[in-house]
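Same order as they appear, the protein sequences are chains P and B.
Mapping the first sequence onto the numbering used here, position 210 (from 1) lands on 210, and the numbers just tick up by one.
Just add 332 to the spot in the second sequence (first one is 1) and you have the numbering used here.
Among these hints, one or two may not hold up.
[What the hints assert, rightly or not] Listed below are the simulated DSS-like cross-link pairs for lysine-lysine, each with C-alpha atoms no more than 30 Å apart in a straight line: (1) B:Lys342 to B:Lys590; (2) B:Lys590 to P:Lys10; (3) B:Lys539 to P:Lys258; (4) P:Lys23 to P:Lys54; (5) P:Lys54 to B:Lys375; (6) B:Lys342 to P:Lys54; (7) B:Lys620 to P:Lys258; (8) B:Lys663 to P:Lys54; (9) B:Lys403 to B:Lys375; (10) B:Lys386 to P:Lys71; (11) B:Lys590 to P:Lys43; (12) P:Lys288 to B:Lys590; (13) P:Lys10 to B:Lys375; (14) B:Lys386 to P:Lys258; (15) P:Lys10 to P:Lys54; (16) P:Lys10 to B:Lys539; (17) P:Lys23 to B:Lys355; (18) B:Lys403 to B:Lys342; (19) P:Lys23 to P:Lys71; (20) P:Lys288 to B:Lys539; (21) B:Lys539 to P:Lys54; (22) B:Lys620 to P:Lys43; (23) B:Lys620 to B:Lys590; (24) B:Lys386 to P:Lys10; (25) B:Lys539 to B:Lys386; (26) B:Lys342 to B:Lys663; (27) B:Lys403 to P:Lys331; (28) P:Lys54 to P:Lys71; (29) P:Lys288 to B:Lys663; (30) P:Lys10 to B:Lys663; (31) B:Lys386 to B:Lys403; (32) P:Lys54 to P:Lys43.
What the hints contain is simulated information worked out from the structure, not anything from laboratory work.
Computed from a prediction, not measured in an experiment: that's the story for all the values here.
Protein chains: 2
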Amino acid sequence: MPVGTQATVKTLSSEDVEGIGFKLVLANTYHLSLRPSSELIQKLGGLHHFMSWKGPILTDSGGYQVMSLAKTREVTEEGVRFQSHLDGSQMFLSPERAMEIQAQLGVDISMALDECPPYPCSREDARTAMDRTHRWAARCLESRGESQAVFGIVQGGVHPDFRSESVAALTSMPFEGFAIGGVSVGEPTEMQYPVVAATAPQLPADKPRYLMGVGHPQDILHAVECGVDMFDCVLPTRMARHHSLYTLQGRQNIMGSKWATHDGPVDPLSVFRQTERYSAAYLRHLFKADEPLAGRLATLHNLSFYARLMEEIREAIEQGTWADLRERYRKA
Amino acid sequence: MPVGTQATVKTLSSEDVEGIGFKLVLANTYHLSLRPSSELIQKLGGLHHFMSWKGPILTDSGGYQVMSLAKTREVTEEGVRFQSHLDGSQMFLSPERAMEIQAQLGVDISMALDECPPYPCSREDARTAMDRTHRWAARCLESRGESQAVFGIVQGGVHPDFRSESVAALTSMPFEGFAIGGVSVGEPTEMQYPVVAATAPQLPADKPRYLMGVGHPQDILHAVECGVDMFDCVLPTRMARHHSLYTLQGRQNIMGSKWATHDGPVDPLSVFRQTERYSAAYLRHLFKADEPLAGRLATLHNLSFYARLMEEIREAIEQGTWADLRERYRKA
């Protein structure tokens, strides 16, 4: 899923995202509830109509953003009281309110409200957040709308026993899918991989398994090997705006002087329909000249790279050519 | 001509500009010679290839930009010595160098180097600049490349006798077209219209007449009545980035609260293919949220409005329905 935090994948139109071939996009409950508000979007016909996106939409519940963006926050059993990062106004998010907002947006997949502790966090704090996440999960299911599909979010930090406990608690509830949360929150990769490897296989194989906020191509390949089906990540879009292009030779910083005279693609093996007209030298010029087109072309490139990665992952699984795929993306 | 100062029409790709239907775009000698340099663009196959623009390109010669953007400048008979607005480096632009740069860019229409005095300016200064412009015009023609098409630029400030003198001087030289320069440099509209009305009809009818840097739809309609054929202006693109949309009801500031809940176009009579999917409420949200897509959608809208204006101007001339056109654009 490309990340369309504020009802747009940054720098792109809905046509652009359709053109790359993505079916599902992610938007953010936290941001949209603050601006322009879920009530307004509902009044305007729902999020699909508002942003003119014809495919399905998943929304993050806001748990992670409240912890990472809000100015102040107070977590109680009832929910989270926080100050908007935009204007400092007092807001309140509870499991029931998170379900209501997502119902107002009219999205296809709602995420349960979780408490996502930062890394590092003590074992005791990880337990507290996990236990609350489970109670909130039940409240989300109780308060959801009739046709609202909801995914539960596994927490438990870097502790394998907690993760197993969280999987058991959540899979006992009738969610439509399960996400692994609390990963990619600042912990080193060597701590992230074991969590994914231990948790994903415990989730039901007949429901979607979604790893939230991950990641680099290598992280995605590893997670797919562990049984993960779905991903969202800001990396391809954020890196693009910081001049960094994904290629099969690794990420390339287009600001490097070697690209100034390069009348061709950054990687002949990563040429995509929506950007093939434009050379590395032109893209570098656009970034140097601070032209808005720069971010758009780089975003189109990076999302095309990720779309191809996911397409080739599906093919390799079906055709039993995983080792070849791993070799192909060895440096990516 | 949409203005593509730095080899891109701000916020748009070449596909976008093609999609609106423009054939000819303008780029800037001054900006491109500073960054990335005309030598580099030549090495990379010329400006068409560099920016992937399949249609013709006209470049401004840099005379106006040296006066308006450079940090310091010293005009002598030889040319203009100035400091780059980017890094303060010393640069020199002469008629010969202006022709050379535009030949290196490989554009279809080169503009002669003129001295464009600001408004207000004394009658004496207007004469000095005009006389020098004529001598520079001759040097441009002498130094141009074999197949380089060049337009001369009429100067003379707000003085009708000077304008006539300038027309006589320039039309005695073998230019491929003629531009009216020194207009829209800060003078009030009531001084601009008489200059255009007095100058345009004196220019040969069998060569293109180009009014530089103008303007509002009303200015364009007036100038066409005076016999002008070609225009460039930053207004539609710049206004777009400042939330202002051209419509048949006049310009609309999309930030106005009345648009917050408007699930439709800003003007039902100004709906264009490239933006029709998006409501006024969505565009306002994008601007409020500081999303890059906002500027692009507004630019697509405004350039579509201008493209339609020019298309309808051509039709009205052919069909003898000018009065109807004037009525249709009365509030625009």
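Hints, one by one, checked against the model:
1. For the hint pairing Lys342 (chain B) with Lys590 (chain B), the CA-to-CA distance comes to about 27 Å; that is within 30 Å, so the pair holds.
2. Taking the CA atoms of Lys590 (chain B) and Lys10 (chain P), the gap is about 25 Å. The hint holds against a cut of 30 Å.
3. Of the supplied pair hints, the one linking Lys539 (chain B) and Lys258 (chain P) is violated, its CA atoms being roughly 45 Å apart against a limit of 30 Å.
4. For the suggested pair Lys23 (chain P) and Lys54 (chain P), the alpha carbons sit about 9 Å apart, so the restraint of at most 30 Å is met.
5. This hinted pair does not check out: Lys54 (chain P) and Lys375 (chain B) have alpha carbons roughly 44 Å apart, beyond 30 Å.
6. About 28 Å separates the Cα atoms of Lys342 (chain B) and Lys54 (chain P), which keeps this hinted pair within 30 Å; it holds.
7. Restraint check for Lys620 (chain B) and Lys258 (chain P): not satisfied, since their Cα atoms lie roughly 38 Å apart, outside the 30 Å limit.
8. Distance check on the hinted pair: Lys663 (chain B) and Lys54 (chain P) sit about 36 Å apart at the alpha-carbon level, beyond 30 Å; violated.
9. Between Lys403 (chain B) and Lys375 (chain B), the direct Cα distance comes to roughly 29 Å. Compliance with the 30 Å bound is thereby established for this hinted pair.
10. Distance hint between Lys386 (chain B) and Lys71 (chain P) is unfulfilled; the C-alpha atoms sit about 50 Å from each other, more than 30 Å.
11. Taken as a hint, the Lys590 (chain B) and Lys43 (chain P) pair is honoured in the structure, with Cα atoms around 15 Å apart against an allowance of 30 Å.
12. The hinted pair formed by Lys288 (chain P) and Lys590 (chain B) fails the criterion: a straight-line CA distance of about 38 Å is larger than 30 Å.
13. Restraint check: the Cα-Cα separation between Lys10 (chain P) and Lys375 (chain B) comes to about 33 Å, which exceeds 30 Å; the hinted pair is violated.
14. For the suggested pair Lys386 (chain B) and Lys258 (chain P), the alpha carbons sit about 27 Å apart, so the restraint of at most 30 Å is met.
15. A C-alpha spacing of about 18 Å is found between Lys10 (chain P) and Lys54 (chain P), which places the hinted pair at or below 30 Å, so the restraint holds.
16. Distance check on the hinted pair: Lys10 (chain P) and Lys539 (chain B) sit about 45 Å apart at the alpha-carbon level, beyond 30 Å; violated.
17. The suggested pairing of Lys23 (chain P) with Lys355 (chain B) is violated, with an alpha-carbon distance near 34 Å, which exceeds 30 Å.
18. Restraint check: the Cα-Cα separation between Lys403 (chain B) and Lys342 (chain B) comes to about 23 Å, which is no more than 30 Å; the hinted pair holds.
19. With a C-alpha separation of about 34 Å, the suggested pair Lys23 (chain P) and Lys71 (chain P) falls outside the 30 Å cut-off, and the hint is violated.
20. A C-alpha spacing of about 38 Å is found between Lys288 (chain P) and Lys539 (chain B), which places the hinted pair above 30 Å, so the restraint is violated.
21. With a C-alpha separation of about 50 Å, the suggested pair Lys539 (chain B) and Lys54 (chain P) falls outside the 30 Å cut-off, and the hint is violated.
22. Our distance criterion of 30 Å between C-alpha atoms is met by Lys620 (chain B) and Lys43 (chain P), whose separation comes to about 18 Å.
23. Annotation: proposed proximity of Lys620 (chain B) to Lys590 (chain B) holds, straight-line Cα distance about 14 Å (limit 30 Å).
24. Simply put, Lys386 (chain B) and Lys10 (chain P) have alpha-carbon atoms about 28 Å apart, close enough for the 30 Å limit, and the pair holds.
25. With a CA separation close to 23 Å, the supplied pair Lys539 (chain B) and Lys386 (chain B) stays within the 30 Å bound.
26. Proposed proximity of Lys342 (chain B) and Lys663 (chain B) is supported: the alpha carbons are some 27 Å apart, at most 30 Å.
27. Under the criterion of a C-alpha separation no larger than 30 Å, the hint pairing Lys403 (chain B) with Lys331 (chain P) is inconsistent with the structure, at around 46 Å.
28. Simply put, Lys54 (chain P) and Lys71 (chain P) have alpha-carbon atoms about 34 Å apart, too far for the 30 Å limit, and the pair is violated.
29. Annotation: proposed proximity of Lys288 (chain P) to Lys663 (chain B) is violated, straight-line Cα distance about 40 Å (limit 30 Å).
30. The hinted pair formed by Lys10 (chain P) and Lys663 (chain B) fails the criterion: a straight-line CA distance of about 35 Å is larger than 30 Å.
31. The hinted pair formed by Lys386 (chain B) and Lys403 (chain B) fails the criterion: a straight-line CA distance of about 34 Å is larger than 30 Å.
32. Between Lys54 (chain P) and Lys43 (chain P), the direct Cα distance comes to roughly 18 Å. Compliance with the 30 Å bound is thereby established for this hinted pair.
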